[in-house]
Amino acid sequence: MSESENELEKRLPLSPAAFSILLALKDGEKHGYAILQAAADQSNGAVKLLPGTLYNLLKRMLEDGWIEELDERPDPKLDDQRRRYYRLTGLGERIARLEAERLQSLVYAARQHGILGLKGEL
Amino acid sequence: MGSLELSNRLFQIFLRLYPAAFKERFASEMAQVFRSLSKEIYEDSGGTGLLRLWIDVLLDGLWALGVQWWLSISKRRADHLETNPMEQTDGARPLSPAQALLAALPFLLFGVSVYLDKFGPLRTWNQPIVRQNLFMNPSFLFDWLVLIGLFVGLLSGFPRWTYSYLGWAILFAYFYNGGFSYYGYPFVGQSWLILLGVFLLAIFIKRSLKPLRDLVSGLWEEWTLASLAIYILAGFVLMIFDENHHPYLGIFIITTALAISLGAWGYFRARTPLRRELALIGGTILGALLNAINSATWDWRAYYGFPEESSSDVIGLIIFVIIFAFLFLGNGALARWRNKRMKQAEA
Numbered sequence: 001m002s003e004s005e006n007e008l009e010k011r012l013p014l015s016p017a018a019f020s021i022l023l024a025l026k027d028g029e030k031h032g033y034a035i036l037q038a039a040a041d042q043s044n045g046a047v048k049l050l051p052g053t054l055y056n057l058l059k060r061m062l063e064d065g066w067i068e069e070l071d072e073r074p075d076p077k078l079d080d081q082r083r084r085y086y087r088l089t090g091l092g093e094r095i096a097r098l099e100a101e102r103l104q105s106l107v108y109a110a111r112q113h114g115i116l117g118l119k120g121e122l
Numbered sequence: 001m002g003s004l005e006l007s008n009r010l011f012q013i014f015l016r017l018y019p020a021a022f023k024e025r026f027a028s029e030m031a032q033v034f035r036s037l038s039k040e041i042y043e044d045s046g047g048t049g050l051l052r053l054w055i056d057v058l059l060d061g062l063w064a065l066g067v068q069w070w071l072s073i074s075k076r077r078a079d080h081l082e083t084n085p086m087e088q089t090d091g092a093r094p095l096s097p098a099q100a101l102l103a104a105l106p107f108l109l110f111g112v113s114v115y116l117d118k119f120g121p122l123r124t125w126n127q128p129i130v131r132q133n134l135f136m137n138p139s140f141l142f143d144w145l146v147l148i149g150l151f152v153g154l155l156s157g158f159p160r161w162t163y164s165y166l167g168w169a170i171l172f173a174y175f176y177n178g179g180f181s182y183y184g185y186p187f188v189g190q191s192w193l194i195l196l197g198v199f200l201l202a203i204f205i206k207r208s209l210k211p212l213r214d215l216v217s218g219l220w221e222e223w224t225l226a227s228l229a230i231y232i233l234a235g236f237v238l239m240i241f242d243e244n245h246h247p248y249l250g251i252f253i254i255t256t257a258l259a260i261s262l263g264a265w266g267y268f269r270a271r272t273p274l275r276r277e278l279a280l281i282g283g284t285i286l287g288a289l290l291n292a293i294n295s296a297t298w299d300w301r302a303y304y305g306f307p308e309e310s311s312s313d314v315i316g317l318i319i320f321v322i323i324f325a326f327l328f329l330g331n332g333a334l335a336r337w338r339n340k341r342m343k344q345a346e347a
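Going line by line, the protein sequences match chains H and W.
Note that the working numbering has the first sequence beginning at 1, numbered continuously upward.
Note that the working numbering has the second sequence beginning at 1, numbered continuously upward.
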């Protein structure tokens, strides 16, 4: 494991809100409201992002280089001029993967302890 | 104006509370997200849904506001230290001896006012109430001096010595505003109004909220100021010598005032939170010791014809010192933790 990977692991665990944003952007670039909707959809409504938390996290992720802002909107004709779009960077994808692996190992441990049914190997 | 439009406008007003840099970069996007979200919820659940959304958005927004202001102040402080490396001490810089004297002056002046109240030409003590001029009595004059000091501090960027004046001004506003009649004068809020007036006048003269911002940012940078506030209360209790008729009362008032002022002076001269707290503890112990000597050498119960009691005044003073020492040290530890966090953030 490279040193930067170690450094990245220090940022774990991510909050459910932060992880949801990274997951939402994995599917492609999105604007703020679309991120909010995707986060709610992918968590069956468990993660309800609101503007304060959403933009706190987006600001932090921009500063850390996990996401970046698009210079141009995907389709300017179809969209509001004022909207800004964000996309995942390579670094953001790596941290999302590390968090997913961390959660996966927790689920594995839960299965081993009989908290979850053994439905196949990890 | 419809509910949705009103709600959107209110949210835009709320967004103004964010730090300037954050607001400039994200406020319009946040407003847009809120507009889309509230429209969707209003169409689904009407006004009730909108109201629920507002409760959630306010809670979420207040948290986010706190985070952004913390980050903004930390960054500003880090930038400031980068250009002013001499200021890299643990917490606030120690004041010069003269400035520390200015900060300790209200403590000394309070002692003087207590002395004059009991022995001076304007004394209220042992005087028939009809002969008293309330607004010329020593404690009122002291209060005016403190308010003037506060006003000067507000106009000059709230240097650290001003917190001393602020603390005493608040204590006196509280003291005179017990909703009671003081020598026949009813006080039901005037003292707070006068204090508010000092702030408003400073804001009016400066044509800016900067005096308030300076006050708050100074408090934020030096958490041991909370201990100074507690120390002012302790100093007041130890210096007041209410209903005390010790034959050498004058000496006790003067020496206690000097001891308490010395603690305050040491506080403003110290370089670290621990030293600041120790200066305050030292002043409290000295003041309490003088009070203990006073209690041990003058029997107030016999003077007032009260029955003897088994409980000792000295033990009461020891408990007083222990409680205050815990408060000071606890707060000092908190300030040290905070400074460490700030340094980490700056690194």
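Since the hints were made in silico from the structure, they are not lab data.
Treat the hints loosely; a few may be bogus.
Claimed, not checked - Capping the alpha-carbon separation at 25 Å, the derived lysine-lysine pairs in DSS-like fashion look like this:
1) H:59 <-> W:118
2) W:75 <-> H:48
3) W:343 <-> H:59
4) H:48 <-> W:39
5) W:39 <-> W:343
None of the values given here were measured: they were computed from a predicted structure.
State the violated hints by number, sorted upward, taking the hints as numbered earlier in the document. Violated hints (numbers, rising): 1, 2, 5; every other hint is consistent with the structure.
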